[in-house]
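Protein sequence lines correspond, in order, to chains A and B.
Heads up: the first sequence begins at 5 in the numbering used here, then just goes up one per residue.
Heads up: the second sequence begins at 644 in the numbering used here, then just goes up one per residue.
Keep in mind that the hints are not guaranteed to be accurate.
Claimed, not checked - Here are the simulated EDC-like cross-link-like pairs (lysine to aspartate or glutamate), alpha carbons at most 20 Å apart as the crow flies: (1) B:K1030 with A:D157; (2) B:K986 with A:D157; (3) B:K1137 with B:D955; (4) B:K923 with B:E1130; (5) B:K1137 with B:E929; (6) B:K884 with A:E47; (7) A:K151 with B:D928; (8) B:K1072 with B:D1086; (9) B:K724 with B:D714; (10) B:K986 with A:E47; (11) B:K1030 with B:D712; (12) B:K940 with B:D712; (13) B:K986 with B:D887; (14) B:K759 with A:E47; (15) B:K1137 with B:D1126; (16) B:K759 with A:D157; (17) B:K940 with B:E929; (18) B:K986 with B:D814; (19) B:K749 with B:D801.
Think of the hints as simulated: they come from the structure by calculation, not from any bench.
In case you want the letters, here they are:
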Amino acid sequence: MMSLSPTQRIIRALAAWLVVAIFAFPIYYWFTIAFRVEKEIFELPPLIFDWTFSGKSFEEVFGISFGYDNGAQQLAGGGNFYMMPRLWDSIVVAVCSTILAISIATLASYALSRMRFAGQHHFVFWILSTRMMPPVAVAIPMFFIYKQFGLLDTYTGIILVHALMNLPLAVLLLKSFFDDIPMEIDEAALIDGASRWLIFRKIVAPMAIGGIAATAVLCFIFSWTEFLFVLTLTQTGLKTVPVVASTFVTSTGTAWGNMAALGVGAMVPAFIFILMVQKNLVRGLTLGSLKQ
Amino acid sequence: MRFNHNNRKRYIASITDQFVKGKIDRRTFMRTAAKLGLGVGALGAASMLPPGGRGGFISEARAQDIVQDPDMMAWLKEAAKPFAGQTVRLATESTPPSNAINSALKPFFEEATGIKVEIEVLPLEQVLQKLTLDVASGLGTYDLYYIDQSWMASFAGDVIDPREKYESSSDLAMPNYNMDDFLPALVDGISMYDGIMVGVPYDIPIFITMYRKDIYEELGLSVPTTMEQYLANAQAIQAAKGPDIYGTTGQMKSGHYSLECDWTCWLWAHGGSIFGPDGKFTGNDEAGLAAMDYWNKLKENMPEGVTTWTWDGQGQSVLQGIAGQALSWGEFFPWWDDPEASKVSGLMEAAVPPAPTTALRTETGFGEIPGVGHQGGSSLAVSKYSKNQDAAWLFAQWATSMDTQVYITTLGGGTGPTRESVYDDERVKANNRVGAGTTRHLDVVRETIASHMGSEPDLPEWAELSNDTIPVELGRYFAGDYDSPKEVMDAIAKKVDDIVSG
């Protein structure tokens, strides 16, 4: 590898920082909107650094008192804009649906990777084909089914539909990760008397943990950002962040400060989840990049 | 219980959250809160949930002012006994009345009746989607419908006529409810379709003239009384103040209902109509083309962004002080007067819409009533598929009662009341001052409803035509897809006539 001159290294570092800045700027600007006074949100030219701090949007959305704007302690449980329970709804739905999808997909994909049965190729293609159907085509039939089964507006209902939505992708991704683990390892364990379940639990699954983590992150993000099913299959019992964000669109204008506050708050759980699996995630994302 | 400051706040947040989710009743909540040393004022902030304009908090002092009519609440308590424990559900747009009820007033109804109220607040398009699904399935997932005037005909067969309900269920008829108190023009414009009263008039956003008095005074302009003068004022402001301040502004997003609202205003103001008496589209006649010509001239004095804005962008443009005047929703006025949110607080004034260029057309189709003051009102209806119709009917009466409307008007950010008596109420008049939630524009709103109101036609296809067909083609026109107003109007005529004729 060619060594770089000091100038080249500086240019490379500057370019890297520039790319980071380009990606980070929208997040920074969104963050400032969450914490600025309403009248400055659409200031022209836009205020990048010189804006007036206000905690009002956060107070309204999360019921957290900063004591800045209202002069008195504000309490949780406020008006239409109080979204703390909805953030919790999002966390419950995303975490549970991810656990459910990964649990089923890991077992299914291991079986598809290691076992052979008639029509397997068609079966795998069928799994893939379920992703081809646009969600809007099934949302309304799901509404009727859910109403009949009492799943409308329930955690169970939304967790199930999000898990179902993520299953095909999870199965196919995990199958590719399992395919990358040599079959000989299983065979050696079988000769030593290990059962399939033991091999899966003690040998193959731990080896594929990076891939499982990467798949879990994708499932979590898809559930965290899913809009259509939650809109169609819920009423007032629960709502996730993408759907309640539309609550800020009122007949007299959009409450952008509140929407930004919710957006900033909604980043936190996803950020924490990704942080938790980060170590394995890097392994997972690069797993399979090298073939034997 | 002994709490340090932080623990106390967390505990308050926790019990409030439980109360909001319905896990504890109001009484338990209040008792627990009292143990934490919270007075009535603090409870106001936590449980009366007063809005700060568009869905947030309102001040403790204002929350303490809520004392609903004791006679009405006593009657509700008795009448609702058989329905205690039932839940009624409403899907609604985030409008001032819905926000005020959901954020501040609902607990009073729930405490008196034992009926739980769940309100789902959504953007207008999503409300339409939810209601359409509900009536198509006939499942009654919602007990109450928020019905925009443009959807009235679509849902007329899916609701209970409130007049018939009031007459037939005397034990559930609220004393002194006074149906005659609703402004007659509104009953015709937003509640009646084909002899059926679809719902009770709920709110009334309506186009009024709003202008910057500081700019008008500086440039020596007078309040426009004609459409020509309105255009001339826009041009004068643009010439003197541009490019920092534009002559006027708009809500002209392609494919959005707001674009259709603007169009009808200019169309009616030029003596045109959407439909003729034969049910054919007439927006492409001489008056319709004159309206397009006027609109194009007006657009030259608007910010570039208007073709991407709905009412949100239009409202923001005035709020930011970059537009000198607007003929638009009166609902904006209290928002623009809010010193915390607006750069033009105290600078705006309201006036009735200018007179049309020629006489308003009287021969129209599908009950269309031309008028420069385009109304976008809505009604509150009880679903005929609801399994809790009686409980829903009690809620509908309470929500549209005179007493509740007064609180909606004073707490909800200055909505247009639908009852005559509310305009005269002292509590409403007391808010006639500069500031958030002002009511100083309401005299103009009242006069506009009475003398200048325009109502869109009522036909089952109107929801599709007004929310899709017409604004999509108009959007294409402003994007340059059509060469002339005649071409786009002819294209719209063909599409509309095809849809109407089935």
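Check whether the Cα positions of K1137 of chain B and E929 of chain B lie no farther apart than 20 Å. holds, 17 Å
Would the pair K1137 of chain B and D955 of chain B pass a check requiring their Cα atoms to be no farther apart than 20 Å? The given pair, whose Cα atoms are some 31 Å apart, is violated under the 20 Å limit.
For the pair supplied as a hint, K986 of chain B and D814 of chain B, is the alpha-carbon distance within the 20 Å limit? Roughly 51 Å separates the two Cα atoms, so the pair is violated.
For the pair we were handed, K759 of chain B and D157 of chain A, check the Cα-Cα distance against 20 Å. holds, 16 Å
Going straight from one Cα to the other, do K986 of chain B and D887 of chain B come out at no more than 20 Å? holds, 14 Å
Is the straight-line distance between the alpha-carbon of K1137 of chain B and that of D1126 of chain B 20 Å or less? holds, 17 Å
Between K986 of chain B and E47 of chain A, does the CA-CA distance stay at or below 20 Å? The given pair, whose Cα atoms are some 10 Å apart, holds under the 20 Å limit.
Hint consistency between K940 of chain B and E929 of chain B [alpha-carbon to alpha-carbon, up to 20 Å]: Holds: K940 of chain B and E929 of chain B sit about 17 Å apart, inside 20 Å.
With a cut-off of 20 Å on the C-alpha distance, tell me whether K1030 of chain B and D157 of chain A pass. holds, 17 Å
For K151 of chain A and D928 of chain B, compute the direct alpha-carbon distance and say whether it is at most 20 Å. violated, 49 Å
Can you confirm whether the C-alpha distance between K1030 of chain B and D712 of chain B stays at or below 20 Å? Judged against 20 Å, a Cα distance of about 28 Å means the pair is violated.
Take the C-alpha atoms of K884 of chain B and E47 of chain A, compute the straight-line distance between them, and say whether it is at most 20 Å. holds, 18 Å
Violated hints, listed in ascending order, are 2, 3, 7, 11, 12, 14, 18 and 19; each of the other numbered hints is respected by the structure.
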